[in-house]
Amino acid sequence: MSNWKCVHCKYESENPYKNCKRCNYNRWEQEESNLENNHWNFSSHDDATILQDGGQFSSVDQESDELIWIKDSCNVTVQSTDTQAAVSLQVGLQLAIALIISIAIGDTIQGQAVAQEIFQQFNDEQTNKQKIYVDNSKDVNIVTTDTDLAVNIEAMLQILVALVVKLDVL
Amino acid sequence: MSDLPGKPKEIPNKVIDLLVSDTLRRNGINLENVKGKLSDEQKQALKELVEDLTKQVDAFVDQPNSTKKDL
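Chains F and V are the protein sequences, given in the same order.
Converting from the first sequence to our numbering requires adding 13 to each position, the first position being numbered 1.
Converting from the second sequence to our numbering requires adding 10 to each position, the first position being numbered 1.
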């Protein structure tokens with residue numbers, strides 16, 4: 014059995030101490046050995062903890078661009094929906110679905126899996142862009158509605174109601 | 011943001027029903043066991059919650075919270 018050598022300064026030692034006495038380095042090698050395990054490295058022997066949680070997001074990425082340009086016109090009426098209200102409604106529905114699952118099934122692995130799978134159905138990305146130009150006009154009525162979001166919200170309500178009916182709440 | 015006003019098409023209830031049933035079944039949840047677990051108070055609270063959200067969604071879909079400007 015040969016001596017251990019410090020990787021840095023080649024200081025020889027019979028035992029691989031934590032740090033080299035001469036240069037304070039903490040890696041040692043053993044030249045005459047082909048074993049894989051002939052390196053000592055004290056700096057990376059932390060106990061490994063593997064943690065996997067069930068975090069999956071219901072990411073609804075939504076972007077709406079709206080530009081309405083009115084020029085040289087009179088008596089123009091514009092009506093556009095407020096998408097922010099819809100977003101908070103959607104969050105309310107998501108919370109309600111999670112709550113019902115948590116109460117009825119319990120905060121178990123099963124319950125979490127069900128919630129996760131249901132929310133996965135809603136992972137959608139949506140980009141809406143719209144430009145409206147009104148030029149040299151009179152008596153124009155513009156109505157814009159964010160229908161995609163409305164469909165999403167209705168679907169979530171349907172899921173909520175279906176869950177509640179199945180769990181015999183209503 | 012469509013310029014077509016009017017109520018959007020709903021997803022058929024059958025689809026939703028199947029989706030929920032299938033998700034529950036695949037995770038090995040027996041509905042009969044779950045039903046007895048809820049107390050009457052919890053049922054009542056959940057019922058009110060769902061009714062409230064239904065109202066909100068209906069209000070949003072039927073009469074969008076709109077801003078109207080006369081220019």
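By construction, these hints were calculated from the structure, which means they are not laboratory data.
All C-beta atoms in this analysis are idealised placements derived from N, C-alpha and C, irrespective of residue type, glycine included.
Any given hint might turn out to be false.
[Said to hold, decoys possible] In the SDA-like style, the derived pairs of lysine to any residue whose C-alpha atoms are separated by at most 25 Å in a straight line are: (1) V:K45 x F:V178; (2) V:K57 x F:V178; (3) V:K65 x F:N88; (4) V:K57 x F:A126; (5) V:K24 x F:Q171; (6) V:K57 x F:K23; (7) F:K142 x F:V89; (8) F:K179 x V:K45; (9) F:K179 x F:I155; (10) V:K57 x F:S115; (11) F:K179 x V:L41; (12) V:K24 x V:N37; (13) V:K47 x F:A111; (14) V:K53 x V:D72; (15) V:K57 x V:R35; (16) V:K65 x F:K142; (17) F:K144 x F:I81; (18) F:K144 x F:N88; (19) V:K47 x V:Q66; (20) V:K24 x F:K31; (21) F:K31 x F:Q43; (22) V:K45 x V:V25.
[As the list claims (entries may be wrong)] Label-pair distances were calculated between CB atoms; the ranges are: (23) F:I81 x V:K45: 28 to 38 Å; (24) F:V156 x V:G46: 15 to 25 Å; (25) F:D120 x V:T64: 44 to 54 Å.
Verification of the hints:
A C-alpha spacing of about 10 Å is found between K45 (chain V) and V178 (chain F), which places the hinted pair at or below 25 Å, so the restraint holds. Only pairs whose Cα atoms come within 25 Å are accepted, and K57 (chain V) paired with V178 (chain F) is accepted, the gap being roughly 10 Å. The straight-line distance between the Cα atoms of K65 (chain V) and N88 (chain F) is roughly 35 Å, outside the 25 Å bound, and the hint therefore fails. This hinted pair checks out: K57 (chain V) and A126 (chain F) have alpha carbons roughly 24 Å apart, not beyond 25 Å.
For a cut-off of 25 Å, the pair hint linking K24 (chain V) to Q171 (chain F) stands: about 10 Å separates their Cα positions. Among the hinted pairs, K57 (chain V) with K23 (chain F) is inconsistent with the structure: their alpha-carbon atoms are about 76 Å apart, more than 25 Å. The straight-line distance between the Cα atoms of K142 (chain F) and V89 (chain F) is roughly 21 Å, inside the 25 Å bound, and the hint therefore holds. With a C-alpha separation of about 9 Å, the suggested pairing of K179 (chain F) with K45 (chain V) holds against the 25 Å cut-off.
Under the criterion of a C-alpha separation no larger than 25 Å, the hint pairing K179 (chain F) with I155 (chain F) is inconsistent with the structure, at around 43 Å. With a C-alpha separation of about 15 Å, the suggested pair K57 (chain V) and S115 (chain F) falls inside the 25 Å cut-off, and the hint holds. Taking the CA atoms of K179 (chain F) and L41 (chain V), the gap is near 7 Å; set against the 25 Å cutoff, the hint holds. Using a Cα cut-off of 25 Å, the hinted pair K24 (chain V) and N37 (chain V) holds, with the two alpha carbons roughly 20 Å apart.
Among the hinted pairs, K47 (chain V) with A111 (chain F) is consistent with the structure: their alpha-carbon atoms are about 17 Å apart, no more than 25 Å. The straight-line distance between the Cα atoms of K53 (chain V) and D72 (chain V) is roughly 28 Å, outside the 25 Å bound, and the hint therefore fails. Annotation: proposed proximity of K57 (chain V) to R35 (chain V) holds, straight-line Cα distance about 23 Å (limit 25 Å). The straight-line distance between the Cα atoms of K65 (chain V) and K142 (chain F) is roughly 29 Å, outside the 25 Å bound, and the hint therefore fails.
Taking the CA atoms of K144 (chain F) and I81 (chain F), the gap is about 6 Å. The hint holds against a cut of 25 Å. Only pairs whose Cα atoms come within 25 Å are accepted, and K144 (chain F) paired with N88 (chain F) is accepted, the gap being roughly 19 Å. Annotation: proposed proximity of K47 (chain V) to Q66 (chain V) is violated, straight-line Cα distance about 28 Å (limit 25 Å). Between the alpha carbons of K24 (chain V) and K31 (chain F) the distance comes to roughly 68 Å, so the proposed pair goes past 25 Å and is violated.
About 15 Å separates the Cα atoms of K31 (chain F) and Q43 (chain F), which keeps this hinted pair within 25 Å; it holds. Taken as a hint, the K45 (chain V) and V25 (chain V) pair is honoured in the structure, with Cα atoms around 23 Å apart against an allowance of 25 Å. For the pair I81 (chain F) and K45 (chain V), the beta carbons lie near 52 Å from each other, so the given range of 28 to 38 Å is not met. A hinted range of 15 to 25 Å for the beta carbons of V156 (chain F) and G46 (chain V) is inconsistent with their spacing of about 50 Å.
A C-beta distance of roughly 26 Å is found between D120 (chain F) and T64 (chain V), which places it outside the suggested range of 44 to 54 Å.
The earlier numbered hints that this structure contradicts are 3, 6, 9, 14, 16, 19, 20, 23, 24 and 25.
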